[in-house]
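Visitor: Residue numbers (our numbering), protein chains in the order written: chain A, 29 to 281; chain B, 29 to 281.
None of these hints come from the bench; they were simulated from the model.
Be aware that a few hints might be false.
Which copy is meant is left open, so a pair is good if it fits within one copy or across any two.
[Stated by the list, open to error] Calculated pairs, EDC-like style, for lysine to aspartate or glutamate (alpha carbon to alpha carbon, straight line, at most 16 angstroms): (1) Lys84 / Glu236; (2) Lys210 / Asp85; (3) Lys142 / Asp96; (4) Lys94 / Asp46; (5) Lys184 / Glu211; (6) Lys227 / Glu140.
Chain by chain, the residues:
There are 2 protein chains.
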Amino acid sequence: MYSVILLGTGNLAQHLFDAFISAPNVKIEQVYGRNAEKLKRFQPQVATCSIPSEIKDADVYIIAVKDDAIVQVAEHLSSKKGIVVHTSGAKEMDCIPIPNRGVFYPLQTFTEGKPLDFKDIPVCLEVKQDSSLQLLQALAQEVSGRVYQIDSEQRKKLHLAAVFVNNFTNHLYHIGEDICQKEGLSFSLLQPLIQETAKKILEISPIEAQTGPARRGDDQSIKSHLSLLKNQKHVELYTLFSEAIKKVYEEKL
Amino acid sequence: MYSVILLGTGNLAQHLFDAFISAPNVKIEQVYGRNAEKLKRFQPQVATCSIPSEIKDADVYIIAVKDDAIVQVAEHLSSKKGIVVHTSGAKEMDCIPIPNRGVFYPLQTFTEGKPLDFKDIPVCLEVKQDSSLQLLQALAQEVSGRVYQIDSEQRKKLHLAAVFVNNFTNHLYHIGEDICQKEGLSFSLLQPLIQETAKKILEISPIEAQTGPARRGDDQSIKSHLSLLKNQKHVELYTLFSEAIKKVYEEKL
Chain A
29 MYSVILLGTG
39 NLAQHLFDAF
49 ISAPNVKIEQ
59 VYGRNAEKLK
69 RFQPQVATCS
79 IPSEIKDADV
89 YIIAVKDDAI
99 VQVAEHLSSK
109 KGIVVHTSGA
119 KEMDCIPIPN
129 RGVFYPLQTF
139 TEGKPLDFKD
149 IPVCLEVKQD
159 SSLQLLQALA
169 QEVSGRVYQI
179 DSEQRKKLHL
189 AAVFVNNFTN
199 HLYHIGEDIC
209 QKEGLSFSLL
219 QPLIQETAKK
229 ILEISPIEAQ
239 TGPARRGDDQ
249 SIKSHLSLLK
259 NQKHVELYTL
269 FSEAIKKVYE
279 EKL
Chain B
29 MYSVILLGTG
39 NLAQHLFDAF
49 ISAPNVKIEQ
59 VYGRNAEKLK
69 RFQPQVATCS
79 IPSEIKDADV
89 YIIAVKDDAI
99 VQVAEHLSSK
109 KGIVVHTSGA
119 KEMDCIPIPN
129 RGVFYPLQTF
139 TEGKPLDFKD
149 IPVCLEVKQD
159 SSLQLLQALA
169 QEVSGRVYQI
179 DSEQRKKLHL
189 AAVFVNNFTN
199 HLYHIGEDIC
209 QKEGLSFSLL
219 QPLIQETAKK
229 ILEISPIEAQ
239 TGPARRGDDQ
249 SIKSHLSLLK
259 NQKHVELYTL
269 FSEAIKKVYE
279 EKL
């Protein structure tokens with residue numbers, strides 16, 4: 029049985045809580061958070077506390093707070109024996125000022141109130157002390173079938189890649205919605221295309237899946253599309269994407 | 029029973045063929061194509077021809093060829109009585125030099141050899157002669173549960189929106205794959221995130237779903253991400269997306 033204390037009450041903390049609470053060999057000892065209101069969500073199931081001196085002992089302390097609050101929360105744990113991990117894609121492991129430190133980074137986008145199956149979510153682990161690796165791996169395997177050892181440099185790159193495929197992709201969806209709305213068309217018209225575009229790359233690589241005017245070098249269609257755009261940022265993005273796509277396939281020739 | 033002649037043998041023609049051949053009230057009279065080799069795929073099931081004078085009579089002629097070949101193919105049909113439609117998102121209906129003309133535009137990305145359920149694909153219709161609308165609608169409803177009347181101007185905008193959410197999104201997937209590969213990481217690490225990013229907007233609007241450094245106005249993370257990028261086009265895209273996302277949320281304040 030692995031004992032865990034969760035530090036944080038936000039979106040990621042809630043998803044981690046839901047995953048660990050159903051894991052057969054994990055006991056959540058406590059949830060710590062400064063916001064008493066937000067702690068209520070956890071109180072029917074586990075002990076909570078909002079005073080650092082009341083944090084109990086556990087095998088693993090999981091800090092699931094905003095990046096710039098990690099160090100401050102970790103400082104409350106300096107006298108603890110268990111391993112202290114953060115859950116951030118962007119922060120180095122060594123930002124935690126405690127010898128027995130590590131990272132437990134679930135690579136996924138979590139939406140408040142939308143349950144996810146943790147089993148398929150890649151969990152990227154890093155530890156400072158090799159002796160803690162087995163424990164952290166075993167804990168991660170309690171909730172996910174995809175556990176990887178990834179160092180801080182790799183994790184930063186992975187997080188950067190995630191910004192492209194998640195944050196920037198979502199902005200493209202927003203532009204699609206914006207164009208539809210201005211024509212009085214429902215965004216739902218684009219949904220099957222969006223879903224299929226994502227599903228396609230489960231079978232073929234993005235480089236093979238690329239289609240469209242820029243891929244074909246069809247400058248007439250590009251010009252005609254640009255003439256339809258009113259929003260200057262959309263014009264710039266259209267132009268830059270077309271150049272970037274052309275460049276990839278020119279290099280391949 | 030609606031009789032249909034399909035003109036074209038490429039990817040879209042193949043998908044349309046597979047959809048119509050299973051529709052109970054549709055009879056594909058013939059498939060026309062200049063490429064005898066490509067016609068072979070259709071020959072076990074229907075008559076084919078590669079000589080324009082041998083094109084039979086039918087209720088509906090569906091031209092599924094590259095945009096710049098539409099007019100040329102349509103010219104073979106000038107003496108026909110049925111309605112002649114093209115399947116392009118970008119071309120105006122009026123490019124067809126025949127009075128009884130229209131558009132049958134399925135809004136989806138089609139991959140050769142990957143079957144799709146046509147039932148969920150939005151089919152955007154346009155007709156020149158009102159008297160042909162009912163026929164084209166009935167035909168479309170034989171294969172799709174989502175049939176819309178969309179004029180040429182709206183369709184152009186829809187096609188433009190599709191370039192953003194399909195072609196440009198796929199390029200972001202390519203960048204994600206590129207960043208992973210350079211770190212010796214498997215692109216499969218990003219797959220759950222990519223799939224969830226697409227699924228998320230089935231429930232919440234992209235404008236609400238937006239997260240990430242630019243959304244938070246977190247300039248330190250943006251700077252740190254930019255310092256990790258080596259490819260100049262990726263730097264430019266990261267910068268432009270961050271500006272564009274900031275602008276959307278500044279305007280909302």
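Visitor: Check the structure against each numbered hint from earlier and tell me which ones fail, lowest number first.
Guide: 1, 2, 3, 4
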